[in-house]
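Q: These protein sequences, in sequence, are chains A and B.
Note that the working numbering has the first sequence beginning at 1, numbered continuously upward.
Note that the working numbering has the second sequence beginning at 1001, numbered continuously upward.
Quick caveat, the hints were computed from the structure, so don't treat them as lab data.
Take these hints with a grain of salt, some might be off.
Straight-line alpha carbon distances no greater than 25 angstroms define the calculated SDA-like cross-link-like pairs of lysine to any residue that follow [as the list claims (entries may be wrong)]:
no., chain 1, residue 1, chain 2, residue 2
1, B, Lys1045, A, Arg82
2, B, Lys1314, A, Arg147
3, A, Lys144, A, Thr22
4, B, Lys1203, A, Pro121
5, A, Lys141, B, Lys1282
6, B, Lys1227, A, Ser74
7, A, Lys62, B, Glu1044
8, B, Lys1308, A, Val21
9, B, Lys1282, A, Glu67
10, B, Lys1286, A, Asp25
For reference, the chains in residue letters:
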Amino acid sequence: MTDVELTENIKQALGAKALEVTNPDRRRIFVRIAAVDLVAAATILRDGFDCRYLATISGLDKGETFEILYHFASPAANINLRTEILKAAPRIESVTPVIPGAVLYERELQDMFGMVIEHIPDPRPLVVPDDWPAGNYPLRKDWKFERPQEIIPGGKS
Amino acid sequence: MKFQIPIGPQHPALKEPISLRMTVEGEVIRDADIRLGYNHRGLEKLAEEKTWIQNIYLTERICGICSHSHTSCYVQGVERLMELVPPKRGMSIRYLVSELERIHSHLLWLGVAGHEAGFDSFFMYTWRDREVVMDLLELISGNRVHYAMNTIGGVRRDIDDGQKAKILEGIVTLRKRSAYYFHIGANEPSFVGRLAGVGRLTKEQAVSLCAVGPTARASGITRDVRKDDPYAVYDELDFEVGTADSCDVLGRVVVRVKELMESYKICEQILWKLPPGDIAVKAPRKAKPNEAVARYEAPRGENIHYIKSNGSDKPERLKVRAPTLANYPATVEMLKNGFIADIPLIFAAIDPCICCAERTVSLVNIRNGEETVVRLGELRQQAIDRHKNAPPKRNAVWPF
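Based on the provided sequences and hints, a complete structural model is requested.
A: Have a look at this one:
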């Protein structure tokens, strides 16, 4: 199946859910969907296009919104589902009922962007330390790392 | 009565030290829980503050074993962003180094597997042979760990006819030795019996948990980016994807052995038809707003980088997913219903770094809080002792 046929098939299968389907490069297809259609679209891709393998999930801070990309891979192509959620209400449904292997990537999104993944089976922090201050989300663009001032006990002699 | 055993997080030689908490019932592991982040370096944030060129050297330092994999994946993505077409010769050299790196990684891993199974001569032989490929990498790049070969638009060093002849010579030696040792490994019933049936991961589990690399291929999934999404030179090369259906540690050994043989083949093919010409094209300093997904088959599985540019000389976002992270959910499944004695072997089966160093394991009795600290070396010794007197599995055979 060529990329053009695959793009057409995805457009048809997703119907009105697909807001935009592009094929910028060989074996790379980007599909933009609304956040509410995420689980439905993932199910269609999994069952209809052999996308049982989710390579990873990327988050991106776009100022007012967060963009989330679900990088699926089928033997034919790399299909990326793109969706946006508001930064003020960063809630998105978990895809783990469809793809159980997604749990680590979703936990990473929670830690790094402060998104709330609804119905995630395991909501614990993944990469941040236990004593990480609440409300610090490192991959948000407005978060800057400030190195704490080094204090030598007893002072320099 | 159930106990919990914490393992880690002090794993000094591993790029991602992890902590595992095993719930055990007697000798049998009932549940495993993974905690990560002990060595999270905030690399994705740092990458947003560095230029395209600086990031090559940053991504190289993600891992000490597959350092070339991460830079190759990154430059593949950046070349797509900048719409550069690197010259053929540069591409051939880049992927020659990739395959040599795969050989060194797999030889290292096979040695570790032999060591964990109590077959130390196997470990010493494979590690001696690994020196041959390490010398070849040093000959090409001048370095043994961080080769610094990649640049945006090609590679940084050319190879001459003398080096080419030496690499071909080295591959002949490696192939001969590998074939001989693997013959020994395959015909050693205690070694095969120790690996067979350990760390089971069914095909369905491997698919649903998104396992990658040799871990997935040992469960019968033909998933290899070099075949599925052939980048650069791979669509012109003749090689096969090694798989096994036994779904256990033995299968993972077999897959890696098959891949070694295929890598020797690929290296020779690349060298035989190494085209003349330039090794790199000049890359612009800035990239126009664009995005790219780069996929690369690292020794441990698929590497994926998502790169987005915003028109400046720095990336807007660089997302890195290393293959080990993708294999963690599968590891939990492998450990379930296994024995404590098999922990080192199952760990070693997904990641070659984890058993390089001696570590401590503490056994905690939750009832009275009594804690016993065992060094991983002793745990390994216990494992070997446990299997020393076990009757060999008569039906376990090397699946050639």
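Q: Quick one, are lysine 1308(B) and valine 21(A) close enough, alpha carbons at most 25 angstroms?
A: holds (18 angstroms)
Q: Are the Cα positions of lysine 141(A) and lysine 1282(B) separated by 25 angstroms at most?
A: violated (31 angstroms)
Q: Do the alpha carbons of lysine 1286(B) and aspartate 25(A) lie within 25 angstroms of each other, as the hint requires?
A: It holds: about 20 angstroms lies between the C-alpha atoms, which stays within 25 angstroms.
Q: Need the status of pair lysine 1314(B), arginine 147(A): alpha-carbon distance at most 25 angstroms?
A: Distance of about 22 angstroms is within 25 angstroms: holds.
Q: Straight-line Cα separation of lysine 1282(B) and glutamate 67(A) no greater than 25 angstroms?
A: Violated. Lysine 1282(B) to glutamate 67(A) sits at ~32 angstroms, over the 25 angstroms cutoff.
Q: Would you mind confirming whether the straight-line C-alpha gap from lysine 1227(B) to serine 74(A) stays at or under 25 angstroms?
A: At roughly 12 angstroms apart (the allowed maximum being 25 angstroms), serine 74(A) and lysine 1227(B) satisfy the hint.
Q: Please verify whether lysine 144(A) and threonine 22(A) have alpha carbons no more than 25 angstroms apart.
A: Given pair lysine 144(A), threonine 22(A) is violated - Cα atoms ~34 angstroms apart, limit 25 angstroms.
Q: Is it true that the CA of lysine 1045(B) sits at most 25 angstroms from the CA of arginine 82(A)?
A: holds (21 angstroms)
Q: Assess, step by step, whether the Cα of lysine 1203(B) is no farther than 25 angstroms from the Cα of proline 121(A), and give holds or violated.
A: Holds. Lysine 1203(B) to proline 121(A) sits at ~22 angstroms (cutoff 25 angstroms).
Q: Is the hinted pair lysine 62(A) and glutamate 1044(B) satisfied, with a Cα-Cα distance of at most 25 angstroms?
A: holds (16 angstroms)
The structure does not agree with the numbered hints 3, 5, 9 stated previously, though it agrees with the rest.
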